[in-house]
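J.: Each chain, letter by letter, is given below.
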Amino acid sequence: MTTQEFNTNLEKLTGKLEKEDSNYARIIRAVQIFYWIFIPVFAGITILEYRETHSLNTIVSGLFLMLAFLVIALTFRKYYKEYKYVDYSLPTLEMLKKAAYRYQPFQKRGLWVLLGLAFMDVGLTIDWLDQNTSVVHTQIFFGASLLVGFVIGLVLWYIRYKPIRDNALRLIKEIEE
Amino acid sequence: MTKEETFNSIVSENSERIRNICRYYNSNVEDQKDMYQEVLVNIWKSLDNFRGDSQVSTWVYRVAVNTSLTFTGKAFRHMKLMVNGDTENLNSIIDDENLHRKMAEEKMLERMQVELNQLSVIDKALISLMLEGLSMKDISEVIGITEPNVKVKIHRIKSQLKEKLKGEQA
Numbered sequence: 345m346t347t348q349e350f351n352t353n354l355e356k357l358t359g360k361l362e363k364e365d366s367n368y369a370r371i372i373r374a375v376q377i378f379y380w381i382f383i384p385v386f387a388g389i390t391i392l393e394y395r396e397t398h399s400l401n402t403i404v405s406g407l408f409l410m411l412a413f414l415v416i417a418l419t420f421r422k423y424y425k426e427y428k429y430v431d432y433s434l435p436t437l438e439m440l441k442k443a444a445y446r447y448q449p450f451q452k453r454g455l456w457v458l459l460g461l462a463f464m465d466v467g468l469t470i471d472w473l474d475q476n477t478s479v480v481h482t483q484i485f486f487g488a489s490l491l492v493g494f495v496i497g498l499v500l501w502y503i504r505y506k507p508i509r510d511n512a513l514r515l516i517k518e519i520e521e
Numbered sequence: 318m319t320k321e322e323t324f325n326s327i328v329s330e331n332s333e334r335i336r337n338i339c340r341y342y343n344s345n346v347e348d349q350k351d352m353y354q355e356v357l358v359n360i361w362k363s364l365d366n367f368r369g370d371s372q373v374s375t376w377v378y379r380v381a382v383n384t385s386l387t388f389t390g391k392a393f394r395h396m397k398l399m400v401n402g403d404t405e406n407l408n409s410i411i412d413d414e415n416l417h418r419k420m421a422e423e424k425m426l427e428r429m430q431v432e433l434n435q436l437s438v439i440d441k442a443l444i445s446l447m448l449e450g451l452s453m454k455d456i457s458e459v460i461g462i463t464e465p466n467v468k469v470k471i472h473r474i475k476s477q478l479k480e481k482l483k484g485e486q487a
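Protein chains in written order, with the working numbering: chain A, 345 to 521; chain B, 318 to 487.
Just so you know, the hints here were simulated from the structure itself, not pulled from any lab data. All clues given are correct.
Derived contacts from chain A toward chain B, CB cut-off under 8 angstroms, selection only: (1) 429; (2) 431; (3) 432; (4) 433; (5) 435; (6) 436; (7) 437; (8) 438; (9) 439; (10) 515; (11) 518.
Ranges between beta-carbon positions, derived for each pair: (12) A:514 to B:368: 24 to 32 angstroms; (13) B:465 to A:426: 28 to 36 angstroms; (14) B:479 to A:450: 41 to 49 angstroms.
Keeping only pairs whose Cα atoms sit at most 20 angstroms apart, straight-line, the calculated PhoX-like set for lysine-lysine is: (15) A:441 to A:422; (16) B:362 to A:428; (17) B:479 to B:424; (18) A:441 to B:362; (19) B:424 to B:483; (20) A:517 to A:442; (21) A:442 to A:422; (22) A:506 to A:517; (23) B:454 to B:475; (24) B:320 to A:425; (25) A:506 to A:428; (26) A:441 to A:517; (27) B:475 to B:424; (28) B:454 to B:468; (29) A:517 to B:468; (30) A:425 to A:441; (31) B:320 to B:362; (32) B:350 to B:362; (33) B:362 to A:425; (34) B:362 to A:422; (35) B:320 to A:428; (36) B:481 to B:424; (37) A:442 to B:362.
Beta carbons are placed, not taken as given, at the ideal position from N, Cα and C, and that holds for glycine.
Same shape as in the complex, but just chain A (with noise of 0.2 angstroms):
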C-alpha cells in the first residue's frame, strides 16, 4: 500500500468522527428531555388525576413510577456514555479487563435498574390497586413481563456479548499467565 493511498482525507474523517459526537449529544439531549419534560409531565397529569380522584394514591403512585423513570434513565445515561465511549488508549490489559467487566450479565450497578423498576412495581401496584387490580394479579402481570424480558436480555447476551467476553477473559488470561 501506498503512502498516497494511505493519506486519508483528514477533513472529511474528522467530519464523520464529529457526526458520531453529536449524535451522542443527540441522544443524550433526547434522555435530559425524557426527564426534564416528560416527568414534570406526568406530574401535571398525577396532580390532574388527584383533582378528580382525591386519592393519596395517585400522588404515591404518580411519585413512585416518576422515580423509576428518572432512576432508570439516569443508569441508561450513564451506560451508554460508558459503551458508546470505550477508551482504546489504556494498556491493554485494562481495557480488556475493563471490557470483560462491561459485557458480563450481571453487575453490581445493575441494582440501580432493579430499584428502578421495584419503583415502578410499586407505583403500578397502588395504581391499579384503584382500579380494583388485586396485589397478587398485577404482581404476577410485572413478574411475568419482567421474565419475558429478563429471558430475552439473557438470549440477546448470549448470542451478541458473551463471546466478546470469553474472548477478552481468555486474552486477560493469555498475558497475566
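Dock chain B against the given chain A, drawing on the hints supplied.
T.: Using the frame of chain A, we list chain B on its own:
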C-alpha cells in the same frame, strides 16, 4: 488547540506508526485501510482521555494495538502477523549469529512468517511492538504489564521461534 487540531496533529505525526501496525495484521490492502480508519476513529474517541501521562507515540500504539485486538473488520484470531524482509528490527527476534546470516535468505523469512503466525494474538502484539523498535518499558506501558514480565514473554517467544527454526534446519 481544538480537538480537531490536536487530532490532526497526532495523526499526521504518527500515521507511519499506525500504518505499520495495520500492515502487521493485514496482508490485504482493503483490510489495512479499514483498520487504519478504525484506529483513527478510536483515537478520536479516546482523545478526551489523553492526559499526557505517557508519550504520544506510546498512547497511539496503545490505541492501535487495542484496536487490532477488537478490530471489527474481521475476526482478530484469524489475523496474520505480516512481516517484510525490510522490517528494520526483524533480526532482533532471532539474535543468534549463525541464524542472522540465514535469516537473510528468503526461504527462512517465509518459514519465520509461518512460525510468527502460529503465535497467539497477544504474542503477535508483543512481537509487532518489538519490530517497531519499542523498548521493553514502552511495550510494558502499551500492554499494561511489568517490564520484567514483558522481557520474560519476549524471551520465551524468541526461544520458541529459535527452537522451531533450528528444528527445521536440522
